[in-house]
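Asks: Build the full structure now, drawing on both the sequences and the hints.
From first to last, the protein sequence lines stand for chains Y and D.
For the first sequence, position 164 matches number 163 in numbering that gives the first Met the number 0, and the numbering has no gaps at all.
For the second sequence, position 94 matches number 93 in numbering that gives the first Met the number 0, and the numbering has no gaps at all.
One or more of the hints may lead you astray.
Claimed, not checked - Incomplete in silico selection of chain D near chain Y, CB under 8 Å:
| # | residue |
| --- | --- |
| 1 | Ala-21 |
| 2 | Ile-24 |
| 3 | Tyr-25 |
| 4 | Gln-29 |
| 5 | Pro-44 |
| 6 | Gln-47 |
| 7 | Thr-49 |
| 8 | Trp-51 |
| 9 | Thr-56 |
Since the hints were made in silico from the structure, they are not lab data.
We put the beta carbon where it would ideally sit given N, CA and C, even for glycine.
Number of protein chains: 2
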Amino acid sequence: MAKICQEVAGERKIPIIPLVQAFDIYRISQEVKIPLWLQHLDWHPQGQYTGWLNLETTLDAGAKGTILNHSEHKLPFGTVRRTIKRIKKTTPQFQVLICCRSLGQAERLVKIEPDFLAYEPPELIGGEISVSEFNATAIAHFVEICEKIPAIIGAGIKNKNDVRIGVRLGAKGILVSSHVVLAKAPKKTLEDLAEGFL
Amino acid sequence: MAKICQEVAGERKIPIIPLVQAFDIYRISQEVKIPLWLQHLDWHPQGQYTGWLNLETTLDAGAKGTILNHSEHKLPFGTVRRTIKRIKKTTPQFQVLICCRSLGQAERLVKIEPDFLAYEPPELIGGEISVSEFNATAIAHFVEICEKIPAIIGAGIKNKNDVRIGVRLGAKGILVSSHVVLAKAPKKTLEDLAEGFL
Numbered sequence: 000m001a002k003i004c005q006e007v008a009g010e011r012k013i014p015i016i017p018l019v020q021a022f023d024i025y026r027i028s029q030e031v032k033i034p035l036w037l038q039h040l041d042w043h044p045q046g047q048y049t050g051w052l053n054l055e056t057t058l059d060a061g062a063k064g065t066i067l068n069h070s071e072h073k074l075p076f077g078t079v080r081r082t083i084k085r086i087k088k089t090t091p092q093f094q095v096l097i098c099c100r101s102l103g104q105a106e107r108l109v110k111i112e113p114d115f116l117a118y119e120p121p122e123l124i125g126g127e128i129s130v131s132e133f134n135a136t137a138i139a140h141f142v143e144i145c146e147k148i149p150a151i152i153g154a155g156i157k158n159k160n161d162v163r164i165g166v167r168l169g170a171k172g173i174l175v176s177s178h179v180v181l182a183k184a185p186k187k188t189l190e191d192l193a194e195g196f197l
Numbered sequence: 000m001a002k003i004c005q006e007v008a009g010e011r012k013i014p015i016i017p018l019v020q021a022f023d024i025y026r027i028s029q030e031v032k033i034p035l036w037l038q039h040l041d042w043h044p045q046g047q048y049t050g051w052l053n054l055e056t057t058l059d060a061g062a063k064g065t066i067l068n069h070s071e072h073k074l075p076f077g078t079v080r081r082t083i084k085r086i087k088k089t090t091p092q093f094q095v096l097i098c099c100r101s102l103g104q105a106e107r108l109v110k111i112e113p114d115f116l117a118y119e120p121p122e123l124i125g126g127e128i129s130v131s132e133f134n135a136t137a138i139a140h141f142v143e144i145c146e147k148i149p150a151i152i153g154a155g156i157k158n159k160n161d162v163r164i165g166v167r168l169g170a171k172g173i174l175v176s177s178h179v180v181l182a183k184a185p186k187k188t189l190e191d192l193a194e195g196f197l
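Replies: Okay, here's the thing in structure tokens:
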């Protein structure tokens with residue numbers, strides 16, 4: 000899948016970042032040249048913190064960034080802040096995307112100043128109705144909340160049309176999972192999504 | 000370090016199991032033949048559980064077991080039970096060691112029937128006074144609580160003498176970290192600890 004991302008990113012000249020498990024990131028980093036991000040990172044430093052995903056090993060394994068507060072891995076606000084603070088202090092080039100599931104959450108999380116902020120209404124995740132079709136007003140509002148931070152949108156995004164609506168509203172990128180990884184022809188789907196940005 | 004464990008295990012004919020991070024386990028599994036265990040596992044299955052350490056990938060990466068409720072990664076009782084239930088149902092050969100920090104906790108956790116139960120009084124972890132020197136009565140009681148489940152002891156264990164006292168009291172193994180991984184001569188320390196079992 001990472002190789003497919005690399006091919007499409009090269010062909011369409013747009014950045015595509017695979018989100019990878021801790022188990023797999025080193026191996027995948029040996030196979031592709033595009034940046035890889037970790038699906039989740041803990042705030043714990045290396046050392047007496049057995050069994051947590053620490054930044055030091057994440058960097059050694061070749062990751063260039065991470066997602067925090069993914070809809071399937073929610074974190075308390077304090078944990079997100081603590082993790083991002085540690086990253087900014089020690090490794091400011093390591094990128095962080097924070098997910099939020101509501102505009103209220105976006106307003107709170109934007110203050111932590113992540114590199115990217117993503118909005119995914121939980122009720123649309125994995126579904127057939129995309130966030131961009133469903134609620135253009137919410138996206139426009141989200142883009143406003145983000146100000147200078149690139150606004151990413153996710154949930155139900157399945158084709159170039161969904162992407163185009165989002166881009167027109169000010170979104171700078173998309174978060175996508177099931178519609179690509181479970182697709183019969185993932186490369187074709189990814190190419191179609193990429194076209195939405197062109 | 001895993002290679003050192005393998006050498007000492009081979010020379011002294013005793014099992015030594017390195018406890019490895021998710022990031023590293025696949026690579027290390029390619030380098031050694033002794034079993035490797037993960038430092039922590041989540042209960043979440045593969046699929047829509049982004050950013051969790053799932054059993055399926057753990058097995059693919061070559062792990063033969065895991066620790067749950069490590070002193071640096073405490074878990075609610077229900078989470079331990081849920082995780083072990085899932086393992087026993089799908090992969091009974093995958094081994095689980097549960098850590099506990101008190102005898103009361105041991106009494107509760109032994110009912111979940113892990114493959115190993117470990118007792119580590121938190122105040123002694125990483126210190127110079129070993130659990131076996133400090134409280135022989137507690138260890139004897141812990142061994143009793145374990146019944147048929149192999150009793151493992153940890154905290155402050157630094158030489159063959161500490162091991163011998165524990166073994167005499169009925170312990171079947173030890174959990175050791177800082178006294179080996181931070182040792183100037185880790186192999187020598189490991190050989191010394193191994194002698195305590197002979």
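Asks: Among all the numbered hints in the text so far, which are the ones the structure does not match?
Replies: 4 and 5
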